[in-house]
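Throw the hints in and build the complete structure from the sequences for me.
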Amino acid sequence: MQMELIELDGPVNLVRLDGRLDAPGADTLGMRFTAATVAQGRPVIVDLSGVSFIASMGIRLLISCAKGAHLKGHKFVLFGAQPFVQDVFEQAGLDQILDIAASESEALERLSA
Amino acid sequence: MQLRLPADGASIERARLAVLEHLAAYEPSPRLVFAVELILEETLTNIVRHAYRSEGGGEGSGGEAGHQIDLQVDVDAADLVLRFGDDGAAFDPARAPAPQRPATLAEAVPGGLGVMLVRRYARSVAYERVGGRNHLTVTVARA
Amino acid sequence: MSAIPSLASDELAALLSVTRRLAAPFKLSAMLAEVTAAACSVLQAERASVWLLDAARHELVLEVASDIRHVRIPQTHGLVGACVSARAPINVPDCYADPRFDASVDRRSGFVTRCSLTLPLVDHQDTLVGVMQVLNKRGGVFEDDDQALAEALAAQCAVALSRVRMTEQVIAAEAMRKELELAAVVQASALPQMLPQLPGYRMHATFRPAQQTGGDGYDLALVQGGLLVLLADATGHGIAPALSVTQMQAMLRMAFRLGAPLETVFHEVNDRLAETLPDSHFVTAFIGLLDPATHLLRFISGGQGPILHYQAGADAFVAHKATSFPMGAMPLRKPPKAVSMDLAAGDVLVLLSDCIYEYENAAGEVFGRERVESVVREAAAAPPSLIAERLLQTLAVFADGAPQDDDITMVLLQRQALPALS
Numbered sequence: 078m079q080m081e082l083i084e085l086d087g088p089v090n091l092v093r094l095d096g097r098l099d100a101p102g103a104d105t106l107g108m109r110f111t112a113a114t115v116a117q118g119r120p121v122i123v124d125l126s127g128v129s130f131i132a133s134m135g136i137r138l139l140i141s142c143a144k145g146a147h148l149k150g151h152k153f154v155l156f157g158a159q160p161f162v163q164d165v166f167e168q169a170g171l172d173q174i175l176d177i178a179a180s181e182s183e184a185l186e187r188l189s190a
Numbered sequence: 016m017q018l019r020l021p022a023d024g025a026s027i028e029r030a031r032l033a034v035l036e037h038l039a040a041y042e043p044s045p046r047l048v049f050a051v052e053l054i055l056e057e058t059l060t061n062i063v064r065h066a067y068r069s070e071g072g073g074e075g076s077g078g079e080a081g082h083q084i085d086l087q088v089d090v091d092a093a094d095l096v097l098r099f100g101d102d103g104a105a106f107d108p109a110r111a112p113a114p115q116r117p118a119t120l121a122e123a124v125p126g127g128l129g130v131m132l133v134r135r136y137a138r139s140v141a142y143e144r145v146g147g148r149n150h151l152t153v154t155v156a157r158a
Numbered sequence: 014m015s016a017i018p019s020l021a022s023d024e025l026a027a028l029l030s031v032t033r034r035l036a037a038p039f040k041l042s043a044m045l046a047e048v049t050a051a052a053c054s055v056l057q058a059e060r061a062s063v064w065l066l067d068a069a070r071h072e073l074v075l076e077v078a079s080d081i082r083h084v085r086i087p088q089t090h091g092l093v094g095a096c097v098s099a100r101a102p103i104n105v106p107d108c109y110a111d112p113r114f115d116a117s118v119d120r121r122s123g124f125v126t127r128c129s130l131t132l133p134l135v136d137h138q139d140t141l142v143g144v145m146q147v148l149n150k151r152g153g154v155f156e157d158d159d160q161a162l163a164e165a166l167a168a169q170c171a172v173a174l175s176r177v178r179m180t181e182q183v184i185a186a187e188a189m190r191k192e193l194e195l196a197a198v199v200q201a202s203a204l205p206q207m208l209p210q211l212p213g214y215r216m217h218a219t220f221r222p223a224q225q226t227g228g229d230g231y232d233l234a235l236v237q238g239g240l241l242v243l244l245a246d247a248t249g250h251g252i253a254p255a256l257s258v259t260q261m262q263a264m265l266r267m268a269f270r271l272g273a274p275l276e277t278v279f280h281e282v283n284d285r286l287a288e289t290l291p292d293s294h295f296v297t298a299f300i301g302l303l304d305p306a307t308h309l310l311r312f313i314s315g316g317q318g319p320i321l322h323y324q325a326g327a328d329a330f331v332a333h334k335a336t337s338f339p340m341g342a343m344p345l346r347k348p349p350k351a352v353s354m355d356l357a358a359g360d361v362l363v364l365l366s367d368c369i370y371e372y373e374n375a376a377g378e379v380f381g382r383e384r385v386e387s388v389v390r391e392a393a394a395a396p397p398s399l400i401a402e403r404l405l406q407t408l409a410v411f412a413d414g415a416p417q418d419d420d421i422t423m424v425l426l427q428r429q430a431l432p433a434l435s
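Residue numbers (the working numbering), protein chains in the order written: chain D, 78 to 190; chain X, 16 to 158; chain F, 14 to 435.
All clues stand as given, with none of them false.
When the alpha-carbon atoms are kept at most 20 Å apart in a straight line, the in silico DMTMM-like pairs for lysine to aspartate or glutamate are as follows:
no.	chain 1	residue 1	chain 2	residue 2
1	F	Lys-350	D	Asp-172
2	D	Lys-149	F	Glu-288
3	F	Lys-334	D	Glu-167
4	D	Lys-149	F	Asp-284
5	F	Lys-347	D	Glu-167
6	D	Lys-152	F	Asp-292
7	F	Lys-347	D	Asp-172
8	F	Lys-347	D	Glu-183
9	D	Lys-152	F	Asp-284
10	D	Lys-149	F	Asp-292
11	F	Lys-347	D	Glu-186
12	F	Lys-347	D	Asp-164
13	F	Lys-334	D	Asp-164
14	D	Lys-152	F	Glu-288
It should be emphasised that the hints constitute simulated quantities derived from the structure, not laboratory data.
Structural data, given as structure tokens:
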């Protein structure tokens, strides 16, 4: 599971994920992802286009960081989910509690909303 | 297809690859592949994590204690059936009573979300305990 | 151990006083503070420290020293390490001249060590539990007398250390036991004492808490909109989840009593729980509202499922899935959508707490949906209390003597069959 952190104007954090968000993937990602999305206190958009698989551990990580960002008062928006990953989000009802945008531009728009 | 694996973390990836290879011959839809991977991931993780916890070896140590998981995959025209068998968490009345698990009070139960996902992606989930073994049968629609 | 030469009365008093105080405290930090203070005063040292041996990690951990925080070093390091290996006191009049001395701790703290006296802490079972070190004897170096006194102090310290550690374990176990007892009381108190009477309907609820308390809860109550039906399950065991379910029950009753619509109630209660529940803790909950006049049950289920609706007419089940994510994770972004269920005469709503995957514990308390369905179908005409009993009996067969690891909660709602026309 790979992670890339890009700083955009704002400052806004763009986090790109690549790989499988299964239990080992979520484990590997853990602290770094939390640091980039929560600890820095910046609004963050997360590019999921490179994520081919997601399971409960990965979902847990996303929720945990979303909650952390929420408590800190900054936005956390996911975008670019592949169809099956988006399907998991909908099956689990995550679209009701997480900010999921269709594209990077939409995600950025959500930040200023 | 039948597999017997040690109940440890490494087996999850092994099982995934073996099942996908077996499945390839049936030209599964991408959706079916995803569903199968999800079910394998959640079920095996759960077995490895929980089934042997009370033995005090910590999570995922089932392999060291010699526990095995049986996995059988059957495919027909309509369904794909995954059968999991394990000898986890056998209650031994001779052993010490209430296991001391202070950590679990604060621990969130990982099982919940995973169970929910499996139920969503499977047509049916059936559990049975026979002769000291847990048997879980998950049926996934091929269409 | 060297014999203690004639002690000055004030030295003895100091030592006895320390002994008394060491016998009393059961908190590790307090105890260590006592020891180091005593060592300094009795031995006229500028500084004293106690290092605890972390055998698992092969490290020595410095717990108390006024201006250095928690330090860890390999157990072979420095004079303290040499003392661990030798299991004997080491008296060094000039530390910087001794090759074993590790100056890094000094550098971190700014203290300059001149002379030191390092002693092993060995308890009654002859286990080495740590090392005590006193530094910089005022006006000189540590002599044999000092060593003797220090050894006496070290012996007390070692025993106290062992006792404190054992006590802490006992206290932790005791605390946990109390917490679970309390959780059980909370759970029991939150449940409805009597089931409501609703013409045309029969209902039943079974609550079997596990040995170690889980976080289940249910409710059946007549409110403004009709009959409230709740089945909830909080993640985890102990007081926290039990409380969160109790809080939820209270909030639901309040909101429905005020006549708030189902969607609003779910939304509000979810958001309140999200504020207080710790990370990764949720509550799965089926919240339904039955209108007894129209026999329409509207519900929203946060992660609770399957929701079984036995239809008497078709002699078949409709299984509903959860409509929403479990409650309390995050505030909702949009209003939840309710699902409707038409209860015809003879229909039964079956809500069961989710135990299907409980591999933690042997067998038992797990349901296969097909088995549940066949039991219900067979007993559908009987009062729900009997259906519940049959379900429990089926369970017992699977349980095979194995203890239950999680709460079993069942809520059954049956619309009575219309009487046959004569």
